Amino acid sequence: MDTRTKIVGAERIPAGCTVVTGTFDIMVAEDARELAGIREQQSGRPVCVVVLPLSGALLAQRARAELVAALRVVDYVVIADNPAPGPLLDALQPACVVRLEGVHERRKRQLMEHVHSRQTR
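The sequence shown lines up with residues 1 to 121 when you count with this note's numbering.
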């Protein structure tokens with residue numbers, strides 16, 4: 001299956017999904033485990049990931065969306081136009097929203113610090 005077909009407009013998302021928001025600027029194994037755990041906790045409800053814009057991102061937003069779409073536990077991916085997804089979330093009518101922006105910022109910072117520390121040895 002071409003996972004890029006999972007990337008859709010908000011109007012194609014069924015109401016009642018579990019919506020996960022985040023930047024996904026780096027993808028680490030913990031991201032995949034976290035999304036799998038969210039899917040498991042939500043009783044088989046479809047999982048829609050909203051990839052938010054990010055100033056100074058390492059990867060283009062479309063590339064980040066394609067990485068997320070490649071995960072089996074993700075049913076839909078929406079590329080957000082606004083870093084404040086409130087109106088988009090209202091339109092999606094989710095059963096549950098999980099916000100991961102802060103977690104992604106922390107993971108990216110930790111990875112960059114680790115790489116920098118390895119280069120200064």
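What the hints contain is simulated information worked out from the structure, not anything from laboratory work. Treat the hints with care, as some may be off.
As the list claims (entries may be wrong) - Beta-carbon label-pair distances, calculated as ranges:
{"#": "1", "residue 1": "Val115", "residue 2": "Arg12", "range": "17 to 23 Å"}
{"#": "2", "residue 1": "Thr120", "residue 2": "Gly44", "range": "24 to 30 Å"}
{"#": "3", "residue 1": "Arg12", "residue 2": "Ala63", "range": "28 to 34 Å"}
{"#": "4", "residue 1": "Ala95", "residue 2": "Leu58", "range": "30 to 36 Å"}
{"#": "5", "residue 1": "Ala60", "residue 2": "Pro14", "range": "23 to 29 Å"}
{"#": "6", "residue 1": "Met27", "residue 2": "Ala91", "range": "35 to 41 Å"}
{"#": "7", "residue 1": "Gln41", "residue 2": "Thr120", "range": "37 to 43 Å"}
{"#": "8", "residue 1": "Glu105", "residue 2": "Ala63", "range": "15 to 21 Å"}
{"#": "9", "residue 1": "Gly86", "residue 2": "Glu113", "range": "29 to 35 Å"}
{"#": "10", "residue 1": "Ser43", "residue 2": "Ser117", "range": "37 to 43 Å"}
{"#": "11", "residue 1": "Ala32", "residue 2": "His116", "range": "21 to 27 Å"}
All of these numbers come straight from a predicted model, not from anything done at the bench. By construction, the Cβ of each residue, glycine as well, lies at the ideal position given by its N, Cα and C atoms.
For each hint, the structure was consulted:
| no. | hint | result |
| --- | --- | --- |
| 1 | Val115 x Arg12: 17 to 23 Å | violated (38 Å) |
| 2 | Thr120 x Gly44: 24 to 30 Å | violated (47 Å) |
| 3 | Arg12 x Ala63: 28 to 34 Å | violated (21 Å) |
| 4 | Ala95 x Leu58: 30 to 36 Å | holds (32 Å) |
| 5 | Ala60 x Pro14: 23 to 29 Å | holds (27 Å) |
| 6 | Met27 x Ala91: 35 to 41 Å | violated (26 Å) |
| 7 | Gln41 x Thr120: 37 to 43 Å | holds (40 Å) |
| 8 | Glu105 x Ala63: 15 to 21 Å | holds (18 Å) |
| 9 | Gly86 x Glu113: 29 to 35 Å | holds (31 Å) |
| 10 | Ser43 x Ser117: 37 to 43 Å | holds (42 Å) |
| 11 | Ala32 x His116: 21 to 27 Å | holds (25 Å) |
Comparing the model with each earlier hint shows violations of hints 1, 2, 3, 6; every other hint is respected.
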